[in-house]
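My numbering puts the first residue of the sequence shown at 423, with every later residue one more than the last.
Be aware that a few hints might be false.
[Said to hold, decoys possible] Result set (DSS-like, lysine-lysine): computed pairs, CA atoms no more than 30 Å apart in a straight line:
# : residue 1 : residue 2
1 : LYS584    : LYS518
2 : LYS470    : LYS496
3 : LYS496    : LYS474
4 : LYS474    : LYS500
5 : LYS500    : LYS470
[Claimed, not checked] Simulated restraints on C-beta separations:
# : residue 1 : residue 2 : range
6 : LEU482    : THR533    : 17 to 25 Å
7 : GLN521    : GLY598    : 22 to 30 Å
8 : THR548    : GLY517    : 27 to 35 Å
9 : GLU483    : GLY517    : 36 to 44 Å
No wet-lab data here; the hints were simulated from the structure.
For glycine and all other residues, C-beta sits at the position ideal for the given N, C-alpha and C.
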Amino acid sequence: MPASQADEALFASALSSGSAGKVNNHDIDMRIARDGTWFYLGSPINRKPLVKLFSTVLRLEEDGEYYLITPVEKARIKVDDAPFTAVEMTVTGEGKSRQLTFRTNIDEVATIDADHPLRVSIDGETGEPSPYILVRDNLEALVVRSVFYDLVDLAEDIGGDKLGVWSSGICFEIGGTEENPEWN
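Can you make the complete structure from the sequences, with help from the hints?
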């Protein structure tokens with residue numbers, strides 16, 4: 423669904439104030455919450471086509487910061503965790519030939535493979551796992567809890583008290599067994 427004129431105006435407004443011929447670097451009051459909700463000036467952006475439009479110019483730079491980048495603008499935004507969430511998983515095949523494909527909150531699709539790996543990070547204080555999928559261009563999606571439970575259901579013992587899942591011929595470690603609950 424194409425963005426409306428109002429969406430395009432908001433997009434332009436959020437990135438405006440550039441000068442012709444040079445890139446204008448600045449911060450804007452835009453944030454992506456851990457649950458994937460995008461905010462502008464403290465209010466949620468409820469129009470999915472607009473969020474999709476913003477996501478097309480989103481980049482994670484070498485400084486570890488997220489930016490919306492156009493030919494004339496480079497606007498830094500805040501991202502609480504990952505810029506996207508993986509909200510659905512599709513399983514095709516079995517065993518080592520299985521493919522795990524995820525759909526994000528902005529309807530991008532990524533199949534876990536060498537170019538789109540799965541990783542699990544552990545919160546140092548709570549011990550809670552946070553699984554991520556590389557979607558594109560160094561941008562990750564946090565796998566939502568219900569989808570992670572579906573992923574865990576597919577896990578198998580891969581030795582050394584570790585659990586893993588197969589996708590695209592690669593085994594991705596996702597955690598420890600009950601005998602060895604260490605996730606890292």
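Going through the hints against the structure:
The straight-line distance between the Cα atoms of LYS584 and LYS518 is roughly 17 Å, inside the 30 Å bound, and the hint therefore holds. Annotation: proposed proximity of LYS470 to LYS496 holds, straight-line Cα distance about 22 Å (limit 30 Å). For the hint pairing LYS496 with LYS474, the CA-to-CA distance comes to about 18 Å; that is within 30 Å, so the pair holds. Between LYS474 and LYS500, the direct Cα distance comes to roughly 17 Å. Compliance with the 30 Å bound is thereby established for this hinted pair.
A C-alpha spacing of about 19 Å is found between LYS500 and LYS470, which places the hinted pair at or below 30 Å, so the restraint holds. Look at LEU482 against THR533: about 21 Å separates their beta carbons, and that is inside 17 to 25 Å. Between GLN521 and GLY598, the C-beta spacing of about 25 Å keeps the proposed range 22 to 30 Å intact. THR548 and GLY517 have their C-beta atoms about 33 Å apart, which keeps the hinted 27 to 35 Å range intact.
A C-beta distance of roughly 39 Å is found between GLU483 and GLY517, which places it inside the suggested range of 36 to 44 Å.
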